[in-house]
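If you're matching them up, the sequences are chains X, A and R in order.
Counting from 1, position 287 in the first sequence corresponds to residue 285 in the working numbering; the numbering is continuous, with no gaps.
In the working numbering, each residue carries its 1-based index in the second sequence increased by 70.
In the working numbering, each residue carries its 1-based index in the third sequence increased by 1497.
Calculated directly from the structure, the hints in this document are not laboratory data.
From the three backbone atoms N, C-alpha and C, an ideal C-beta is built for every residue, glycine too.
A few of these clues could be false.
Now the in silico label distances, taken between C-beta atoms and shown as ranges [claimed, not checked]:
{"no.": "1", "chain 1": "A", "residue 1": "L146", "chain 2": "R", "residue 2": "A1580", "range": "41 to 47 Å"}
{"no.": "2", "chain 1": "X", "residue 1": "C290", "chain 2": "R", "residue 2": "S1661", "range": "44 to 50 Å"}
{"no.": "3", "chain 1": "A", "residue 1": "L146", "chain 2": "R", "residue 2": "I1755", "range": "33 to 39 Å"}
DSS-like cross-link-like pairs, simulated, lysine-lysine; straight-line CA separation at most 30 Å [claimed, not checked]:
{"no.": "4", "chain 1": "R", "residue 1": "K1681", "chain 2": "X", "residue 2": "K108"}
{"no.": "5", "chain 1": "R", "residue 1": "K1762", "chain 2": "X", "residue 2": "K100"}
{"no.": "6", "chain 1": "A", "residue 1": "K102", "chain 2": "R", "residue 2": "K1601"}
{"no.": "7", "chain 1": "R", "residue 1": "K1506", "chain 2": "A", "residue 2": "K376"}
{"no.": "8", "chain 1": "R", "residue 1": "K1601", "chain 2": "X", "residue 2": "K7"}
{"no.": "9", "chain 1": "A", "residue 1": "K296", "chain 2": "R", "residue 2": "K1601"}
{"no.": "10", "chain 1": "X", "residue 1": "K103", "chain 2": "A", "residue 2": "K150"}
{"no.": "11", "chain 1": "X", "residue 1": "K108", "chain 2": "A", "residue 2": "K88"}
{"no.": "12", "chain 1": "A", "residue 1": "K150", "chain 2": "A", "residue 2": "K139"}
{"no.": "13", "chain 1": "R", "residue 1": "K1602", "chain 2": "A", "residue 2": "K376"}
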Amino acid sequence: MAIILEGVKKIYPGTTEPVMEDFNLTIKDGSFTVLLGPSGCGKTTALRMIAGLEEVTAGKIYIDGADVTTVDPGARNIAMVFQNYAIYPHMTVRGNIEFGLKNYKITKAKIQERVNGVLAQTGLTDLAGRMPAQLSGGQRQRVALARAMSKSPMAFLMDEPLSNLDAKLRSQMRSELIQLFDALGVTFIYVTHDQTEALTMATDIVVMYEGRIMQQGTPQEVYENPANIFVAQFIGDPGMNVLKLKNEAFVGFKPRALRLVRPANGDFEIAGQILTREFLGHEYMYTIDVGCGRIVLRTGQMIDAGTTHTFYADAADLCYFDKNQNRTFEPQQAKVVQVFHVDE
Amino acid sequence: MSMNDTTATLSRERLELKERSWFYKALNTALKCPYVLIAPAIIVALWMVIYPIFFGLYASFTKWDMFTKSFTWVGLANYKFLLVSEDFWKTMGNTLLYMVVFVLAGISLNVLLGVFLNKNKPAHNLIQTIMFTPHIISFVSVALIWLWLMQPANGILNYVLNILGLKSSYWYRSADSSLLSILIVALWKGMGYGVLVVISGLRSIPQYVYEAARLDKSSKPNTFFKITLPLLSPTLFFLIVTSVVSSFCTYDVVALMTKGGTDNSSNLLAYYIYQQGFLFGHFGRAMAASMILLVMTSVISFLNFKFAGKEVHYQ
Amino acid sequence: MKKESILGKIVECVFLAFLFLLFVFPFYWMLITSLKTTLEAVQFPPTLWPSKLIFANYADAWKAAGFVKYGKNTIIITFAAVALQLIASVPAAFAFARMNFRGKKLFFTIILSDMMIPIQAIFIPIFLMYSRLGWLNTYRSMIIPFIYSGYSIFFMHNAFMQVSNEVLEAARLDGSSELAVMFKVIMPMIKPVIITLALLCFVRRWNDYFWNTVLTTNDTVRTLPIAINAITEAKDELLRRWDVSMAGNVMLMAPLLILYTVASKRIKSAFVYSGIK
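Let the sequences and hints guide you as you build the complete structure.
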């Protein structure tokens, strides 16, 4: 039941630039795969092509081994939860769930059984007769989920489903989605630009940028072992500090890796002046001017702004990248030229 | 709230789409094609609006023979006829006079009554609703009522004039007052609509503008002329455009009340076209006059498209 | 200050009363005249209330106008026009609002053409066209032109633009056909707009005088407004029976007045918003 995109190309009608070209992605069966990337990276396009809402310009899409490239969305055995929930405003909660089921070969009794089942599972039984206008944002979200669940799809597609909820409800829904994923045991494909959602829920993360896959791996892999500078700087809060070296290679380290005392095998040091200090509750975030740009440090230690220090990093905390910005495991020894940001 | 942990069993059975009949499928495929969706409207539009314009343009250069049902090319003869026809110029003069009075009187009364009635009080709302009634009934009904009210011999309007010590009028029967009579009736019929449009325009002016004006100690007339009117200008512009076009195209009230009046005293362009075509059988002349009407309304529409959304809109 | 406001109140009341009279009296006079005897109707000075209420005028008007025949014509033409206009406008508006296709701009301009081209400027070519096709005095000549309405399509188009695309996509993912998307999702969502446009079309067709007089040459498919007007117009000024004319007029506007009483808010907004783009 894996979902495979093979050599997919997409050009939107009326444009000439492809948003993605020769795009290959395999989504493992039963995984909670998160497509993560900044807006415009093609993650939503990929999801919509899997759903069948967007035609592919070239290439193939397989679901469970079957070529579904030209199959109608309703026949792909998938369900989708939209950013704005997309519940039918003129139907009750029950009506919203029933509506889709009526399009399938299934008896009326079975429909009722399914509807009651998902209503109970999502805690909506008491709200079954309500109209969407009478529901809160969280309840609407739940209706959208119930509607998706009622079809017992092979895969759940979700397009930023939590972005319209407030922070508290969002974290609650995250844990509920994890529970739901565990309970249903089917593939989830989830699109977001929010790395917290990706890191907390995913079993697989696909980091995308400008229509290309930058890295695919578990949250730990992506977080600990970025495959390139883009991923290194995109993941983390904030991302890695990356310094360009004289030999065109790069060295990177996470903001928490810097310390004021030279560690035992510390082979990296850089001097800088503290520009600002932000209190984050459990620690501080500092912006440091290192002469050739600014880097960020997060630590529990209190340092005064305006003071100058030498900062060190442990060899184990350093990531090296070659001149193509890809990860390399050969340590690079060269002078720092400047602080590097991938989006510059 | 959290996901209910009830043991409700969820079916895992895969679903397959219902089979549809070939007809349903064909219809469904057709509906995915935009050209199929727009076809009925486009065909009728081309046939009943676009084609007649070109046909009419052609016909305005011809003479139509009733018996052979054929057109003979006569070049600019129809236009030349109109240019030297006294009746045509009288009609054009009437039409322009009618337009000016209809627009100026109509819109000033609309604004006056709109500001007066925009109070959201029961009496004001009732008057507003009643005032709109003539707009939704047929011009036939309105004309019949006013033909009777203005009836020169037994009409109650003359009776009222007499009570007030004024002389009876022949209203729609006389060359002196027939244009005025149809103007009164047309204004009466359209008043409720204009007032409603003005009121909806007034209501779309944000309240904070008035609050700011009050803080600036602006006097009532000053607020009206410096704030209400300018902010109402998109609405007024819309009313002016529609009133100008509708007065150029006025047919019903003329046909129903005066039939052009004695000595064309209340003949208007649209009725003139009808007369030339259907009463006198000069389809070519009627079409030439139609083309003139079309140019007049097109100029207004063009100005509307050019200026609407620019100078007159503030938000 | 206080005195002024009392004076203002009085002026306001007088003005309200004047407006009330100006817009109610003509209707009152029509109704009262329709209940008078022929003689009392034309009596001078007029009486404000009939000395004896006569209902026979209604029967006379019914017969004189040929109410059954013209009523039937009116109903056929009005309802057919409303139904066909909606059937043609909904899909067209949907296509313009929700689909991309070659020539969309040009087609939309064509669709808006009837909002810019007055019928008074093109009725003669249409008449000649009808005459050549042998369509004069047929129902189809009165109905088919109204299949298309630029207004209807334009306003439905605007309404469709407000419907979120996600809802339509959700329906497609739910296995709905395009047919179901249109009829079960989109149309219920813009129901108020559809009702408004149906009302507008109904009122306009019911009241139509111009189209029904200039594009017919005999009475076969003419409608009530023409028939009611004929009661008065058929007779010379001094021989007119205003009592009967007014009775006919009451019957002509009664359906609209009832409709307006039931749905005045909706009708008012229908007319106002049909104008303002």
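- Message: Does A/K139 sit within 30 Å of A/K150, going by the straight-line distance between their CA atoms?
- Response: Judged against 30 Å, a Cα distance of about 23 Å means the pair holds.
- Task: Measure nothing beyond the straight line between the CA atoms of R/K1681 and X/K108; if it is 30 Å or shorter, mark the hint as holding.
- Result: 22 Å, holds
- Task: Starting from R/K1601, check that the Cα of X/K7 is at most 30 Å away, please.
- Result: 26 Å, holds
- Should the hint that A/L146 and R/I1755 are 33 to 39 Å apart at their CB atoms be regarded as holding? 53 Å, violated
- Item | Given pair status - R/K1601, A/K102, alpha carbons within 30 Å | Measuring from Cα to Cα gives roughly 15 Å; hence the hint holds.
- With 44 to 50 Å as the target window, see if X/C290 and R/S1661 comply at their CB atoms. 48 Å, holds
- Pairwise beta carbon distance, A/L146 to R/A1580, judged against the given window 41 to 47 Å: Holds, at about 45 Å.
- Item | 30 Å limit on alpha-carbon distance, applied to hinted pair R/K1506 and A/K376 | The given pair, whose Cα atoms are some 44 Å apart, is violated under the 30 Å limit.
- For the pair we were handed, R/K1602 and A/K376, check the Cα-Cα distance against 30 Å. Holds - the C-alpha atoms of A/K376 and R/K1602 are around 18 Å apart, at most 30 Å.
- Message: Does X/K100 sit within 30 Å of R/K1762, going by the straight-line distance between their CA atoms?
- Response: 37 Å, violated
- Are the Cα atoms of X/K103 and A/K150 separated by 30 Å or less? With a Cα-Cα distance of about 74 Å, the restraint between X/K103 and A/K150 is violated, given a limit of 30 Å.
- Message: Given the hinted pair X/K108 and A/K88, is their Cα-Cα distance within 30 Å?
- Response: Measuring from Cα to Cα gives roughly 15 Å; hence the hint holds.
Figure legend: structure checked against the earlier numbered hints; hints not met, in rising order: 3, 5, 7, 9 and 10.
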